[in-house]
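Here's the letter readout for the chains.
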Amino acid sequence: MSVGVARPDALRGVRSYRGPLTSILSVAGFLLVWFIAAEVAQSRLLPGPAEVARYVANESLHGDMLAELGITLWRVAASFVVAMLIGCVIGLLMGELPAVNRALDPWVIVLLNLPALVIIILAYVWFGLNEAAAIGAVALNKIPNVIVTVREGARALDPGLDEMARAYRLSPLSKLRNVTLPQLQPYFAAASRSGISLIWKIVLVVELLGRSNGVGFELHLNFQLFNVTAILGYTVAFVTVMLAIEYLLVQPLERRATRWRNKPV
Amino acid sequence: MRPAGAISRFKIRIEEKTHIGADGTRIPAIRDLVLDIKPQSMTVLMGPSGCGKTTLMRIVAGLDDRYVGEVGIPEGTRLGFMFQEPRLLPWRTVRQNIQIVAPAISNADLEQLVASVGIADMLPRYPQELSLGLARRVALARAFATKPDLLLLDEPFVSLDERTADRLRRLLLEVWSARPTTAILVTHNAREAILLADQLVLLAPRPTHVVADVPITVPQSERDAAVVEEIYADLLERYPANFAAG
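For the record, the sequence lines run as chains L and H.
Our numbering puts the first residue of the first sequence at 1, with every later residue one more than the last.
Our numbering puts the first residue of the second sequence at 266, with every later residue one more than the last.
Since the hints were derived computationally from the structure, they do not count as laboratory data.
Looking from chain H toward chain L, a few residues come up when the C-beta cut is under 10 Å (computed):
1. R323
2. G327
3. L328
4. R357
5. N362
6. A367
7. Y391
Beta carbons are placed, not taken as given, at the ideal position from N, Cα and C, and that holds for glycine.
Could you put the whole structure together from the sequences, leaning on the hints where they help?
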């Protein structure tokens with residue numbers, strides 16, 4: 001089967017087969033550079049890794065950091081689910097039905113090019129400074145990307161398998177489950193991969209502009225206090241959470257979904 | 266259970282089927298083709314490559330309804346279709362591939378069927394682990410799994426080496442004899458046609474129509490290589506234009 005948009009497996013294969021040593025060395029190298037830079041600068045504006053780690057540990061144990069991470073993570077998850085659901089359904093319809101595609105295509109292009117900030121501000125102005133407006137605004141920023149990726153997948157569906165499904169009179173549900181969705185899986189994976197990273201960045205903006213908790217709110221607060229240690233601490237903590245999701249959730253799920261591939265003959 | 270033969274006689278009459286090329290040119294594919302498929306018989310349509318055989322099969326299977334004519338395939342007819350390529354779902358195991366087209370099949374039936382085509386130990390495998398010959402066997406088992414009222418075989422043994430193809434042809438005959446089914450097979454291979462057919466239908470080049478409808482009365486089980494050559498020689502004499510190339 002052909003995959004036009006993304007080949008995440010091919011890229012990932014290199015990493016997982018060489019073992020984690022290279023990755024660990026690479027991160028250690030970064031920490032070393034950071035450490036040296038902080039030592040040389042000797043400035044309150046560039047705290048070293050140890051100081052940031054101390055802040056993270058302290059805030060997690062005695063402060064609100066875990067709660068703030070949790071609320072942001074919840075917003076990321078909610079926006080992600082909403083964006084993927086709506087984006088996949090519309091993308092599939094647009095890929096399969098040319099009339100739907102012609103009708104919705106201009107709107108997809110408009111949404112793709114509308115700055116995230118505009119959507120967020122308008123959502124807050126029109127729907128108030130509430131959770132639904134925040135999550136809706138984030139999802140709306142992501143939906144056009146999901147649509148475009150999944151539409152590409154729907155256009156690349158194998159006509160031979162479609163004929164097979166029709167000749168054997170598969171029920172619509174069986175066809176969706178056994179023929180269509182497995183072919184779209186790499187496109188779902190590509191959309192969700194780029195989705196999570198885009199969404200969490202936008203969630204921070206949403207929190208900064210109109211929420212009184214979450215990582216974005218804390219970053220805003222600490223920016224006003226010029227507390228760079230806290231800013232770096234929150235960043236490191238949340239990036240760690242996202243890395244854990246990537247390695248412990250996304251990649252194992254993807255391996256499960258593609259276990260039929262690359263088997264030796 | 267519906268009574269045997271309730272749906273098994275199929276009448277096909279296609280007055281006109283035209284392909285419209287990308288640049289808008291009209292290419293007539295089929296003109297005035299009439300077929301009457303007898304129940305529980307193997308009808309083999311033989312014609313030169315590109316004469317519109319696959320087009321005809323797609324129309325019969327209901328995959329293409331842009332033609333003028335009538336295809337008497339009643340609603341609810343169960344089809345089995347073996348395509349030129351196996352067309353298995355690569356993300357489903359062999360067992361799942363069969364069960365997906367025949368959700369009602371019992372485990373005992375399924376195991377008997379796969380044993381009869383020699384793929385009993387392939388059930389947990391994924392199609393990419395199979396050779397083309399084995400994948401074709403799975404496609405054959407799948408086509409029979411639906412207990413089809415009409416079995417369509419579109420050049421099912423192309424691009425195999427002659428030995429594998431021959432073994433699969435014999436296998437098809439075995440499975441088909443054990444499960445009498447109304448079948449239509451298309452091929453451009455004269456000896457394949459002679460080996461398999463009850464009713465051998467010779468097709469003209471594009472736009473195709475029926476040139477002759479020749480019954481072959483020797484039972485398939487008695488058609489060894491010598492008998493096939495004998496029938497071939499006879500047919501070559503009667504229809505030189507259709508058999509000269511084979």
